[in-house]
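Generate the whole structure from the sequences, applying the supplied hints.
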Amino acid sequence: MIRIEHLSKKFGDLVVLKDITTEITKGEVVSIIGPSGTGKSTLLRCLNLLEQPSGGNIYIDGVDILDKKTDAASIRQKMNMVFQSFNLFSHLSVIENLILAPVKLKGMNKQDAQTKALELLRLVGLAEKANNYPDELSGGQQQRVAIARCLAMEPEIILFDEPTSALDPTMVREVLSVIRRLAKEGMTMAIVTHEMDFARDVSNRVLYMDEGIIYEEGSPEQIFDDPQKEKTRTFIQRIRCYTCRISSPDYDLYAMNAEIEAFCEKQILSKKSQHNLLLLVEELLQLYRPYLKTMALDITIAYSEKTERLELICESAGQKGNPLDSQDLSDDLGLMIIRNLTESISYQWLNGKNRLQLLIKTNLT
Amino acid sequence: MDLQTRTENNAIVITISGRLDTVTAPEYEKKILELIEGGNNRFVVDFEQLDFISSAGLRVLLLMAKLLKEKNGQVRLVNVKGNVYSVFEMSGFTTLFKMENSIAAALATLI
Numbered sequence: 001m002i003r004i005e006h007l008s009k010k011f012g013d014l015v016v017l018k019d020i021t022t023e024i025t026k027g028e029v030v031s032i033i034g035p036s037g038t039g040k041s042t043l044l045r046c047l048n049l050l051e052q053p054s055g056g057n058i059y060i061d062g063v064d065i066l067d068k069k070t071d072a073a074s075i076r077q078k079m080n081m082v083f084q085s086f087n088l089f090s091h092l093s094v095i096e097n098l099i100l101a102p103v104k105l106k107g108m109n110k111q112d113a114q115t116k117a118l119e120l121l122r123l124v125g126l127a128e129k130a131n132n133y134p135d136e137l138s139g140g141q142q143q144r145v146a147i148a149r150c151l152a153m154e155p156e157i158i159l160f161d162e163p164t165s166a167l168d169p170t171m172v173r174e175v176l177s178v179i180r181r182l183a184k185e186g187m188t189m190a191i192v193t194h195e196m197d198f199a200r201d202v203s204n205r206v207l208y209m210d211e212g213i214i215y216e217e218g219s220p221e222q223i224f225d226d227p228q229k230e231k232t233r234t235f236i237q238r239i240r241c242y243t244c245r246i247s248s249p250d251y252d253l254y255a256m257n258a259e260i261e262a263f264c265e266k267q268i269l270s271k272k273s274q275h276n277l278l279l280l281v282e283e284l285l286q287l288y289r290p291y292l293k294t295m296a297l298d299i300t301i302a303y304s305e306k307t308e309r310l311e312l313i314c315e316s317a318g319q320k321g322n323p324l325d326s327q328d329l330s331d332d333l334g335l336m337i338i339r340n341l342t343e344s345i346s347y348q349w350l351n352g353k354n355r356l357q358l359l360i361k362t363n364l365t
Numbered sequence: 001m002d003l004q005t006r007t008e009n010n011a012i013v014i015t016i017s018g019r020l021d022t023v024t025a026p027e028y029e030k031k032i033l034e035l036i037e038g039g040n041n042r043f044v045v046d047f048e049q050l051d052f053i054s055s056a057g058l059r060v061l062l063l064m065a066k067l068l069k070e071k072n073g074q075v076r077l078v079n080v081k082g083n084v085y086s087v088f089e090m091s092g093f094t095t096l097f098k099m100e101n102s103i104a105a106a107l108a109t110l111i
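Taken in sequence, the protein lines are chains A and B.
Take 1 as the starting number for the first sequence in this note's numbering and just add one per residue.
Take 1 as the starting number for the second sequence in this note's numbering and just add one per residue.
Warning: the hint list may mix true and false statements.
[To be verified] Covered by chain A, according to a simulated footprint, are these stretches of chain B (three or more residues, beta-carbon under 8 Å):
(1) 3-11
(2) 51-58
(3) 88-102
[To be verified] Below, simulated BS3-like cross-link-like pairs (lysine-lysine); rule was C-alpha separation at most 25 Å, straight line:
(4) A:Lys68 x A:Lys10
(5) A:Lys293 x A:Lys266
(6) B:Lys81 x A:Lys361
(7) B:Lys98 x B:Lys81
(8) A:Lys361 x A:Lys271
(9) B:Lys31 x B:Lys69
(10) A:Lys231 x A:Lys271
(11) B:Lys81 x A:Lys272
(12) A:Lys271 x B:Lys81
[Claimed, not checked] Some residues of chain A that are not near chain B, with every Cβ distance over 12 Å (derived):
(13) Asp298
(14) Asp331
(15) Asn340
(16) Ser344
I should point out that these hints are in silico values taken from the structure, not numbers from a laboratory.
All of these numbers come straight from a predicted model, not from anything done at the bench.
We treat Cβ as the ideally placed atom computed from N, Cα and C, and that holds for glycine.
This is the structure we're talking about:
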């Protein structure tokens, strides 16, 4: 139904979309997720020609919509968009908002348009508000009217651009339930959303966007339960990180401790977790100390708000080797403490770096 | 780290507060070596105000115990609790040292 090939979009020097290639087939519900500023809304706006792409092709039912000979208005009628900020005409009543486009653009008879509008208002549960004005409605009700108005043009596909992000949390559910109903009825939809549970529940496919590309895509199970790429994992599991680089054996332990404490406080980690992290970092630094004359050590503390996993990752260049396996240790006190504080320790030689990953025990935290 | 010493019942009572870690352990080690080399061989170390200990601190305690054993000396640890006690447990130190709940009790066990 929609095929996007090597789509790009620049605003001056700012490249928002680098190279997007994907397809949305009839009846599919595709959720587009990712951090703010990664081009999700720009992608939808390019599909609807609200933004002129800088490069690439978009085909709707085989028709290249970027071809100058293509009638953009007729393409737009196949594809309608629901915006974050509703965009209803405030000087028109609810029903007038719904009949305006079908009468003006599709040449529909006003009576038929009104009958159809009332049907759609019933569908979104707002028939009794037909003669009210947008200002008299709550945010959730206004967004449901916006969805009904979009349906009034009988689109083949609906693009939702963060339909619930301007809403009070109490009103999110009513809008999502209308979108869920449309999905069940087989409407083709592309939804940019920050509602992860909703995206998992309603979609056939999820696109994770980052760095101006579709960074990872898959079924909701693949993306939410088993993301393969690091940035997807960081986003899905709401991972918060603290990183620091130690490039000398004379590192300032107390300055680093203060930063780790601030990180722990920000993530509302318990005092016990904070202590264990500080202890683990110090023990590891003692093991790495002999190597710090010749190479830098990057320490990352990663805390997942979703899974509450607390991990510590040490990355260092230099010779391949796990510092925990070193034969040069004078005793195993440090190792005993490290093993007691952690649930698992894994070592990998990855991209020319030694990577030590430690999962901190949750029963201690 | 702050370290205070006093003599009580022919023993040196050391009160240590703050952190006993990579940064502070050398200072503690130096003080202990001075005391042992000065002929003292009966010690009580009070951890009441110690918030943090790492393996660097444990190593100095081990060294202290070793030196005192060579000189037929004794050491008792007092008020080992909270995070410090957890680290003792992790490293098997709870069985290596005799620990008491008060300085008086510790002094009473020194021969």
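For each hint, the structure was consulted:
1. 3-11: violated (count 0)
2. 51-58: Coverage by chain A holds for the segment 51-58 of chain B (5 residues, Cβ < 8 Å).
3. 88-102: Per the Cβ count (3), the hint holds.
4. A:Lys68 x A:Lys10: With Cα atoms ~20 Å apart, Lys68 (chain A) and Lys10 (chain A) stay inside 25 Å; holds.
5. A:Lys293 x A:Lys266: Not OK: Lys293 (chain A) and Lys266 (chain A) at ~32 Å, beyond 25 Å, violated.
6. B:Lys81 x A:Lys361: Holds - the C-alpha atoms of Lys361 (chain A) and Lys81 (chain B) are around 20 Å apart, at most 25 Å.
7. B:Lys98 x B:Lys81: Satisfied, since the Cα-Cα distance of roughly 14 Å is no more than 25 Å.
8. A:Lys361 x A:Lys271: With a Cα-Cα distance of about 14 Å, the restraint between Lys361 (chain A) and Lys271 (chain A) holds, given a limit of 25 Å.
9. B:Lys31 x B:Lys69: Holds. Lys31 (chain B) to Lys69 (chain B) sits at ~18 Å (cutoff 25 Å).
10. A:Lys231 x A:Lys271: Roughly 29 Å separates the two Cα atoms, so the pair is violated.
11. B:Lys81 x A:Lys272: Holds, at about 13 Å.
12. A:Lys271 x B:Lys81: holds (15 Å)
13. Asp298: holds (20 Å)
14. Asp331: violated (7 Å)
15. Asn340: violated (4 Å)
16. Ser344: The claim stands: Ser344 (chain A) keeps its Cβ more than 12 Å from every Cβ of chain B (closest is about 17 Å).
Consistency note: the structure conflicts with the earlier hints numbered 1, 5, 10, 14, 15.
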